[in-house]
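Protein chains: 2
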Amino acid sequence: MVEKRTPLPVAEAVERVLEHAMSLGAEKVELEESYGRILAEPIIASSDVPPFDRSPYDGFAIRSVDSTGASGDNRVAFNVIDHIGAGEVSTKKLAPFEAIRIMTGAQLPEEADAVVMFEQTVESVESVTIRKPFGAVENVSLQGEDLKKNEVVIASGSFINPGTIALLATFGYSQVAVSKQPVVGILSTGTELLSVGDDLAPGKIRNSNGPMIVAQLKRMGLHCKMYGMSIDQLDESYEVVKKAAAETDCLITTGGVSVGDFDFLPAIYERLGAEVLFNKVAMRPGSVTTVAVANGRYLFGLSGNPSACFTGFELFVRPALLKMMSASKLYLPHTTARLGEDFTKANPFTRFIRALYNGDTVSPAGFNKSNAVSSIARGNALIVLPGGTRGYQSGDAVDVLLLGVEEGSDRWTL
Amino acid sequence: MVEKRTPLPVAEAVERVLEHAMSLGAEKVELEESYGRILAEPIIASSDVPPFDRSPYDGFAIRSVDSTGASGDNRVAFNVIDHIGAGEVSTKKLAPFEAIRIMTGAQLPEEADAVVMFEQTVESVESVTIRKPFGAVENVSLQGEDLKKNEVVIASGSFINPGTIALLATFGYSQVAVSKQPVVGILSTGTELLSVGDDLAPGKIRNSNGPMIVAQLKRMGLHCKMYGMSIDQLDESYEVVKKAAAETDCLITTGGVSVGDFDFLPAIYERLGAEVLFNKVAMRPGSVTTVAVANGRYLFGLSGNPSACFTGFELFVRPALLKMMSASKLYLPHTTARLGEDFTKANPFTRFIRALYNGDTVSPAGFNKSNAVSSIARGNALIVLPGGTRGYQSGDAVDVLLLGVEEGSDRWTL
Chain B
1214 MVEKRTPLPV
1224 AEAVERVLEH
1234 AMSLGAEKVE
1244 LEESYGRILA
1254 EPIIASSDVP
1264 PFDRSPYDGF
1274 AIRSVDSTGA
1284 SGDNRVAFNV
1294 IDHIGAGEVS
1304 TKKLAPFEAI
1314 RIMTGAQLPE
1324 EADAVVMFEQ
1334 TVESVESVTI
1344 RKPFGAVENV
1354 SLQGEDLKKN
1364 EVVIASGSFI
1374 NPGTIALLAT
1384 FGYSQVAVSK
1394 QPVVGILSTG
1404 TELLSVGDDL
1414 APGKIRNSNG
1424 PMIVAQLKRM
1434 GLHCKMYGMS
1444 IDQLDESYEV
1454 VKKAAAETDC
1464 LITTGGVSVG
1474 DFDFLPAIYE
1484 RLGAEVLFNK
1494 VAMRPGSVTT
1504 VAVANGRYLF
1514 GLSGNPSACF
1524 TGFELFVRPA
1534 LLKMMSASKL
1544 YLPHTTARLG
1554 EDFTKANPFT
1564 RFIRALYNGD
1574 TVSPAGFNKS
1584 NAVSSIARGN
1594 ALIVLPGGTR
1604 GYQSGDAVDV
1614 LLLGVEEGSD
1624 RWTL
Chain Y
1214 MVEKRTPLPV
1224 AEAVERVLEH
1234 AMSLGAEKVE
1244 LEESYGRILA
1254 EPIIASSDVP
1264 PFDRSPYDGF
1274 AIRSVDSTGA
1284 SGDNRVAFNV
1294 IDHIGAGEVS
1304 TKKLAPFEAI
1314 RIMTGAQLPE
1324 EADAVVMFEQ
1334 TVESVESVTI
1344 RKPFGAVENV
1354 SLQGEDLKKN
1364 EVVIASGSFI
1374 NPGTIALLAT
1384 FGYSQVAVSK
1394 QPVVGILSTG
1404 TELLSVGDDL
1414 APGKIRNSNG
1424 PMIVAQLKRM
1434 GLHCKMYGMS
1444 IDQLDESYEV
1454 VKKAAAETDC
1464 LITTGGVSVG
1474 DFDFLPAIYE
1484 RLGAEVLFNK
1494 VAMRPGSVTT
1504 VAVANGRYLF
1514 GLSGNPSACF
1524 TGFELFVRPA
1534 LLKMMSASKL
1544 YLPHTTARLG
1554 EDFTKANPFT
1564 RFIRALYNGD
1574 TVSPAGFNKS
1584 NAVSSIARGN
1594 ALIVLPGGTR
1604 GYQSGDAVDV
1614 LLLGVEEGSD
1624 RWTL
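Respectively, the protein sequence lines represent chains B and Y. Residues 1214 to 1627 (the working numbering) are what the first sequence spells out, left to right. Residues 1214 to 1627 (the working numbering) are what the second sequence spells out, left to right.
A couple of the hints might just be wrong.
Since copy identity is lost for identical chains, a pair holds within one copy or between any two.
Stated by the list, open to error - The list that follows gives simulated cross-link-like pairs (lysine-lysine, DSSO-like), each with its CA atoms no further than 27 Å apart:
1. K1456 - K1361
2. K1558 - K1361
3. K1362 - K1582
4. K1536 - K1431
Think of the hints as simulated: they come from the structure by calculation, not from any bench.
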């Protein structure tokens, strides 16, 4: 007897998963450990940036009023009364037709309101002459022009990127409040699975989904607990899943979710009293992806087929983990691109095709079946083809989800 | 006296840097440590994938020839002689009109050449009937259909992504040959610099470039040595730079490369006997970016201005480090996008504007000066506007370099 399952549209399935995300709270980490974490509180400017009017150039600080009427025929001379580098503050105050030699980043002296760049001057032993007038605050970086004190600069829920780190350093955050990271477990099921160090044997393959998901988590900056590989025996599997689910915020299993005679996860979910959010999604690959929740914790039942497993992780697990961390950007980056070759296969389900995106066109990354491994490694994106559509022609605009595009390009094309 | 410097076009400067990359050789790491590293040798298929003909569905393995002529009116019955799950191999061999119950992933039994899915059958106690004919290899995953034994699957120099890990696991690589990572040092110069934990003082700012570069390196999976902050004194700075350069493959300094009175790096490069590749680039921000080579090691002199420092790292340091690791993709990912707002400032130099790219349009990420900090944190891309061009209008197509776009989207828009 084959169980009938009703496929859920992908967007609805994602939404249903996200509704059950449990927030994990915050913790403090050292600034140098905060890259890639999610901000658990906004960054507030603790000072103006810049904190004082300063010179953006190497040159001479002057009173702009003294430069009135300066021209090539009527050079105006200034008496240089001091010399300051960045970090120094002059104790002198400019009187009329006085200048202070000033370096990039140094605070403007009292009474100065403009900076003349070296290139705009002619220097003699004691004085410097200019040949054009300068306006008030010309060549001055004004206090607070970048950011004002007490301004909310970056919202809570933002990913901490290198620029965020620069801001945190600027404002003296030696510790940063970040969202706690979920404890994620991985359990690969399947009697056919060997470990990576094993020799192949008849009917057996090496477990590639487990290591792959570890890397998918690592790409998100997350670590995980491995629960080894389980053989397809109900009682034993139940105990392993029960223990793993109790020790983690999110347990990812691979395999065992289909309608096969040894696919015990549906029965295990039932024994655990888990709420099954869905067990069929209108997508290819990965239609058997099953998501359940027990005691507020996620149980992700991904397909045992590598391409389906990979896609299920990126579409469902990734946003769920990000939501647990209260991230503001939950979804994969997306764009549109021209299809680089014909794709004629029609399908009633939404298709996610491993693909290579080069910033302009996107092409399938090779062998396109849910059990394919090669195309995961060769691709850096997923082409999304809505369900029910017929085939696509080369040159058609298609939706693209970006995955690993940050690895870059082999061409300098600017 | 101001030194005259000749600005080099950006592409030429990048090329000049890359010419001096020293290769670092390879090392072996455990598979689970290999994510994000660069492959130092190609991945060769150690077996066919799949390694045997197998069933992609839960169903019944049959001899296709027995199904000839089957129809709704003429159901063909098969005697079920065995039952195998994935990882099991049947010891039975199909005789005419015999079937073996088979689960997804299991090896096809001898003589079987087609699989009938559960949904395509009617089962009784001992037999199963079908109502349509099946062709040879219908519903069969054929040995080697994804990859053939001895095939070069992934080239040396590729970034190891989660899919690469799946392939390596599939082929039994418990250790992986990867390129050694460069030893990178960071030295921030400037008498105005405070540490992140310090209170602000007149004329001083906190060092944000150092922590920012640490994070830029971390984004590349690289660690670094910190050489603290140096005050702008020639002799002392020389000793620090000399020591740091000797201990690293690549020393990144920030500040001290301009023409100011306390910008000692040009003098230090000379004392070190370093070859200065260039000290002026036709770009904004970051025109003072200086790159030198001493004893085959890089000395990157980045601007002390945060936006210029950030850009200099991504344009010059990043590809150099990747080339030292023999990576095949050296350059930032790029695309084109429509400008989301007018950008009217003209400039003879090529401009790199911190920007926010949403997969469709790209807009400047705020305050646009080389000393800006906020726009680095708020952006995930750089708009590239060629030198010499006039202003741009909203809607114009512009080149975009992607930086941190992988952080994703706040909208599910498919």
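Tested hints:
1. K1456 - K1361: neither (51 Å within a copy, 40 Å between copies)
2. K1558 - K1361: between (56 Å within a copy, 24 Å between copies)
3. K1362 - K1582: For K1362 and K1582, the Cα distance is within 27 Å only across copies (19 Å; inside one copy 55 Å).
4. K1536 - K1431: This pair counts as both: shortest intra-copy Cα distance 17 Å, inter-copy 23 Å.
Checked against the numbered hints given earlier, the structure breaks only hint 1 and satisfies all the rest.
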